[in-house]
Structure formats: structure tokens, C-alpha cells
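For this one, chain A is given, so just place chain B on it according to the hints.
Protein chains: 2
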Amino acid sequence: MSNSAPLRLGIAGLGTVGVGVLRITRKHAKLIEERTGRAVTVTAVAARNRAKDRGVDLKPYAWEDDPVQLATRDDIDVFVELMGGSDGPAKASVEAAIAAGKHVVTANKALLAHHGQELAEAAEAAGIVLRFEAAVAGGIPVIKALTEGLAGNEITRVMGVMNGTCNYILTRMYAAELPYDVVFDEADKLGYLEADPQLDVGGIDAGHKLSLLSSIAFGTQVNFDAVELEGIERISIRDIEQAADMGYRIKLLGVAQMTGRGLEQRMSPCLVPAASPLGQLEGGTNMVVIEGDSVGQIVMRGAGAGEGPTASAVMGDVMDIARGLTISTFGKAASKLKPATPAKATVPAAHYLRMELLDKPGALAKVATVLGEAGISINRMRQYGHEEKTAPVIIVTHTCTREAIDTALAGLGKTGVVEGDPVAIRIEEV
Amino acid sequence: MSNSAPLRLGIAGLGTVGVGVLRITRKHAKLIEERTGRAVTVTAVAARNRAKDRGVDLKPYAWEDDPVQLATRDDIDVFVELMGGSDGPAKASVEAAIAAGKHVVTANKALLAHHGQELAEAAEAAGIVLRFEAAVAGGIPVIKALTEGLAGNEITRVMGVMNGTCNYILTRMYAAELPYDVVFDEADKLGYLEADPQLDVGGIDAGHKLSLLSSIAFGTQVNFDAVELEGIERISIRDIEQAADMGYRIKLLGVAQMTGRGLEQRMSPCLVPAASPLGQLEGGTNMVVIEGDSVGQIVMRGAGAGEGPTASAVMGDVMDIARGLTISTFGKAASKLKPATPAKATVPAAHYLRMELLDKPGALAKVATVLGEAGISINRMRQYGHEEKTAPVIIVTHTCTREAIDTALAGLGKTGVVEGDPVAIRIEEV
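So the protein lines, in turn, are chains A and B. Be aware that the first sequence starts at 0, since it is given in numbering that gives the first Met the number 0, and climbs by one per residue. Be aware that the second sequence starts at 0, since it is given in numbering that gives the first Met the number 0, and climbs by one per residue.
One chain only, chain A, in its complex shape (with noise of 0.2 angstroms):
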């Protein structure tokens, strides 16, 4: 039915994924042909030091300095970008791989959300396939699911954990008792960071990969931008304990749903039941819920990152372009991707918040007085003994929207009775 010429890859980026794809390769050559009914080659690889030892033989392959080069070279086929960056030689490779008629596979999360409509775009009107199934939640076939095994669906919420490293710094806060800056230093010593920690703790990266959902879950054009963002740095030992001495996990939780005030997109840590399936996630693995109008509830678990479960990702969407598969990469034709409005969450929760409160007679009362005008009702309260000159107090609210949630912070600030910013947690009863 297919093609039976073998296809050729050029691999730019030899990291660990990078590596993985080599390896793969060649482990698993003839199983390849098999499944796809083509051999699968490496021709030429790209990185930046090349006398680098990676543990793996290169001699193979044809290498070149500049990956613009690689990708429009005349003996690949696909063109396999592993360099990571949302611009820089990652964008530029991509761009001139599409131009030459090459196709591409990229885990590149943060090339997608910032330039996934244009590049969807220009690869349909080069007729080429781009696929990024290790983009998002490693070795989750999570991209396939929501793309082809669900497109009967009208996806009416699609949730995540999807940073690993955040992940294991919460489950490991709590399974220690030890404070953020503790663990973060510990992951930070694993190698578990990105150069900038930022896009791990700060939701970044997660937030790039609920773009990317979210462009096909909704058929909309990929806006990161409008990403609700909050990271977990503020998120201390007591919120966790606090949380689960209520039966919940703190997570780093994405969720995108099509509302009637628009589309919302929020990653930010949330409290989840500790019974359920997303607060029972724990260490580097990733989760994605999938929710459809008929199938119900699809939960999808496993390695979020690392050489092998991110390779697999990147070999499934060579072995489909292999096999023949032609399909849009947002899952419909880039130029019928609409823009969303953006909605800020609307759907309403119970709210988490923490606040240190000054020492000070009627400072409870002013406080209750902040949400009482802000529509919110307090379901629980606490307040911890005076160890200093401020004491914790802890409250659950009953279900209400973020607007009041964000009236009664500002509220709070002026009230001179809490010391510092509150912290304000949503409770996603999933």
C-alpha cells in the first residue's frame, strides 16, 4: 500500500533522546521493517560538539555542524529535530525542512507553542507531515489518542500532570517532610532541571504541552500565551501536610476546557483527591485525562521524560509517516484552526488559601470580613499557634469562581493584618 524505499532520517540533537532514536534504530532495525513494512535509517546527525562521547558509535552517519544543513540534505526523508529551543537553529532547521519537502518530528514543546500555527501551515502547504507525539508527556501516546483514536469525540476537558521534575519535587516534599528549597536543590543535583528552572517550576513547560493539547482538543489555533500560569515555588511543606490531612495531593495540574465564556487553560498547582488517579501520581511519571463526549473519562499514565519512554515517542511518529500516514499535525488542516477567545477560570471551586496573619486583636474578623464581600464562604477554618510574630491560618472556601478568590487576595493586602501574599490553591474534584 506504501512506500517500500527505506526512509531516511537526520537526526539534529544527539542528547539523551537523541540517542535513544540511535539506538532504537538500530536495536530494533528489523522489527521496525516489519511493522512498517520498510527499513527505517539514520543518513546524518547534527549537535553542536561532535567529538563528544555519547556512548554510541556515529561513524554510521554522515555528520554536519549546522542543522539547516541537515535538514535539506537530499538523502533524508524526515527530519528529526532533538535540539530543543523555541527559536534559534531548532526553528530555523524546521522551517528549511519543510521548505526542502522533508518531513519532521520534533519533541520540541516550546517550538510548537510558539510557532505551532505557522509551522502547521507551512507544512501543509508543503504537503509534508509534522508530528511531535514526544513533545508532550513523554512516552505517553497521548498525542495518537486525543488525534486519531478519539477524533470521533467532542473533547469536552482534557487535564494533565506533565512536568515530571515538579512532580517529583512535590511527592518528594511530602514523602520526606522536607521543605522546597531542600528538594529543589536535590532535583537540581539529579540533573532533573532544565538549564532554566524556570520552565520546570514555573509551568512552563507544562504549559506548552497544554497548548499543544488544547490546539487539538478544540481545533484551535495553539495560544501558550493565554495559558493561566503558576508555578509550584510557593508551595510549602505546610500547604502539602494541610492538604493531605483533608485526603488531597497537591499537584502541578493543567486543565483546558472549551467554556461558554471561551476557551480556559490553566496550569497551576491544585489540590486533588489523594484516592484519585491524579493524586496518586507519583515521582517523574506523567498523566493525561482525557474527557470526550462519548467515550467518558480516558486516563493515560507513564514515564513523562528520559532517553527511552521520550525515543519511543519520537520512533511512533517516524513509523507512522513510514507506514504512510497523512494527517494534519493540530488534526485538522492548520487554515481551519480557529483563534480561541481566551476565558480566565471560570468554572467555579472550592479554593485552598494560606495566609500568615499578624498578631494583632480582630485580625480573624477582618479577614472573614474580606470574603464575606468578596461572595466567598469559608467551609473550614484553622489557625495555628503563634511560634512568631505571625500565625498560619489555613481556610477552605466553598465553591467559588477565581474572580473572587483574586478580589479577596487584593482585599487581604489592604486588610494590614496579613503579612506577605497569600497563597490561594484551587481544589479540582477530578
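Any given hint could turn out to be false.
Any copy, or any two copies together, can satisfy a pair, since identical chains are not distinguished.
[What the hints assert, rightly or not] Taking lysine to aspartate or glutamate and the EDC-like style, the derived pairs with C-alpha atoms no more than 20 angstroms apart in a straight line are:
{"hint": "1", "residue 1": "K359", "residue 2": "E229"}
{"hint": "2", "residue 1": "K335", "residue 2": "E123"}
{"hint": "3", "residue 1": "K26", "residue 2": "E428"}
{"hint": "4", "residue 1": "K337", "residue 2": "E33"}
{"hint": "5", "residue 1": "K337", "residue 2": "E32"}
{"hint": "6", "residue 1": "K335", "residue 2": "E32"}
{"hint": "7", "residue 1": "K29", "residue 2": "D292"}
{"hint": "8", "residue 1": "K335", "residue 2": "E33"}
{"hint": "9", "residue 1": "K26", "residue 2": "E290"}
{"hint": "10", "residue 1": "K26", "residue 2": "E153"}
{"hint": "11", "residue 1": "K26", "residue 2": "D292"}
{"hint": "12", "residue 1": "K26", "residue 2": "D195"}
{"hint": "13", "residue 1": "K51", "residue 2": "E227"}
{"hint": "14", "residue 1": "K365", "residue 2": "E176"}
{"hint": "15", "residue 1": "K29", "residue 2": "E153"}
{"hint": "16", "residue 1": "K90", "residue 2": "E33"}
These are computed hints drawn from the structure, not numbers from a lab.
Structure of chain B alone, referenced to chain A:
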């Protein structure tokens, strides 16, 4: 890239799933066309009873009494087989569709478990696509994940809870502390059971599904006859309570893995850790676990049956065909699928044993002797008070082979101190 003429379906079987597919094609006509680039329409339908009110208007569709006639109509491109049954009209009409060059989408696990190899070969010879996502684990896009998304992996093990009725019965027995017979009758009244309940509680339906996953995972010809089948009929409330007491749940679990001795496929009740994803699976939900050499472990969870989820899976296949996907039925050319050597549970495990011991002097010693002679050492043992003339004895063994367990079971029957057949359940540390 692909055909833009409407894709025309002929649907045979208008039970809940067939009606569900009709509903989706109507409700989501625009969404489907946007996603696939072509309209997907239903031309004709066939079912046993034309007069029956199915809550959906059938006037837009041509009617055929005979599914074979439907399968060969000039005005259909895809034959959607939703009648069920391993032979009879289902087989005849699928064969006719393939011979007439129509693509086939089916939800029929029994048909493929028994005739998958010959049908895949016929599909290949005819150059058509034969797909069956809806046949395994309802709405979970697991066939797609295994065949496509994880295609770059050597699959090491596939596991799954894939019969919602059995999982309903087992979780309900536990939650309500009710005996098997009572819950079986409940399930029957709720319409959860197949016309022949053995298909469910005997593990046959789930075994069919496992044999299909095995074929894709290991590149082997479907061999349902080699699945070691054991149903849930002999699981007592006592077993469930004992298991819970030790931190386990009892699930009808399918496991397929390639071992040094051959392909092991078993569908049987197992004890799994209560805190594991499989242990926490409740009611009619299905879960499939796929383990690959690169990806590690992928877990997928969702509704295993019902109109919406199953129709969602059918539509996934239909939309793949609309997009021009060409892929072999079991993930590689049917002619290249190898017959697998069946291996009986070769991977050792701890086992749970329950037997009714007669109140005779030295009875327990005899049991211990038989186990010892079979090479089985005891991890824990409990004997309960004699309520009747027999007393239940619960034993948890150290790791041993199934062969040793079978030897012991035969030996126990000859001791003269054990009444009836002991229950032996494998403990799977998933």
C-alpha cells in the same frame, strides 16, 4: 493528500453500539469532516428486526435484511460489523466485504480471536484495511497505542482487566460483602451479562481480547485456544476478604508475555496489590498495561463497554480510514505473523490457596507435606475455627511455578483430608 469524496459506511447490527455510531455520524458530521478532510456518511444499515424502535430515525439509510448484501453494496466503502458472534452472519459478511474490496471495521472480538489470521490475510490480499479498536477495552484506544504509538518498542508484557462485568461482580462482592451468586443475579438483572454468561464470568470474552493484544504485541498469529482461561465463578467472598486483609484485591487479569519457553497467555483471577492502579480499578472500568523495552510501563484506563465508548472506538477506526491510514490488521503483514509456541505460566509467583480441611487428626500436617513435596514453601497460613465439619485454611506460598501448584492440587485431592477442590490464585505484583 487523501481522497476527498465522502466515505460511505454500511452498518450491520443496530444494537446500542450501532445506534451509537449512527448518532455520532449525525451529531458530529461537521467535526468529523473538519478532522478527516472528508464527509463520513452512512449509506445503508442491516439488522435482524426492522420494526424495532431504536430511538433513532433510520429513514435516511437504505435497509438490508441480509448483512452479506449490505457488505457488498456498491455504495459503501466501509463495512462496519457490529453484530457479534465468532461465526454465522458476522463472519460471512466480513468475508464478503473483504472479497468485495470494502474496508472493514468491527467490534467483534470473538470473530477475530477465532478467525483473525485468515481474515487479516484476506484483507491484505484484497488491499483493504481491517481494524478492530472497539473489540478490546471499549473506548480505550489501546489497539492504536500498541500498533502505532508504541510500535518502536519490543513489547515485553501486556496486562489488562478487560471484562467490565467480572470487575463489577468482584468489586461489588467486596464493597457490599455479598456472595458471588447474589451479585451474579444482580448483574444479570442489570443487563450486564452476555446471553451466554460463561463468555463473561468464564473469562472467555476477556480471553478473546487478550489473544488479540498478544498478536500485535508479539507479532504472532492469534491463538485464542492457547489462552489459559479461568473464570471467576469459584471466587468466594472469603477469598476477597482474605485478599483485602493482606492488602490485595482480586481481579480477572489477563497477562501475555513472551518467555524463553514461548508465549504465555493467561486470563485468570489474580491477587493484585490494593494500592496499584489495577487494584484500584472499580466497577465496569477497564485497564490495560503495556510494557515496552524503551517506553517502560504505559497504563490506560477507561470505560470498557457501553454505547458511547464503544462507538467512539468504532469512529476512531472509521476516521483513520477516512484519513487514508493503511496499516496491517495486527501491526505487521499477516503473512509475517509467526505461530507462537504456547507456554504455560512459566514465570513463578506467590500463590494464594484456600481449601476446606476435614476435622481429622494430622490433617494440616498432610497438607504441609503435600506442599513440601511439590517444592512449595509456605509464607503464611491461617486456619479458621470449625463451624461445620470442615474448616477453611488459607495459605500464601512463597514464589513457585504454576506447575508446582498443579502438582500440589493433585496431591491435596488424594490426602483424604481436603473436601472439594482447593482454590489457587496467583499473586501478581504488578
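Can you name, in rising order, the numbers of the hints this structure does not satisfy?
1, 3, 12, 13, 14, 16
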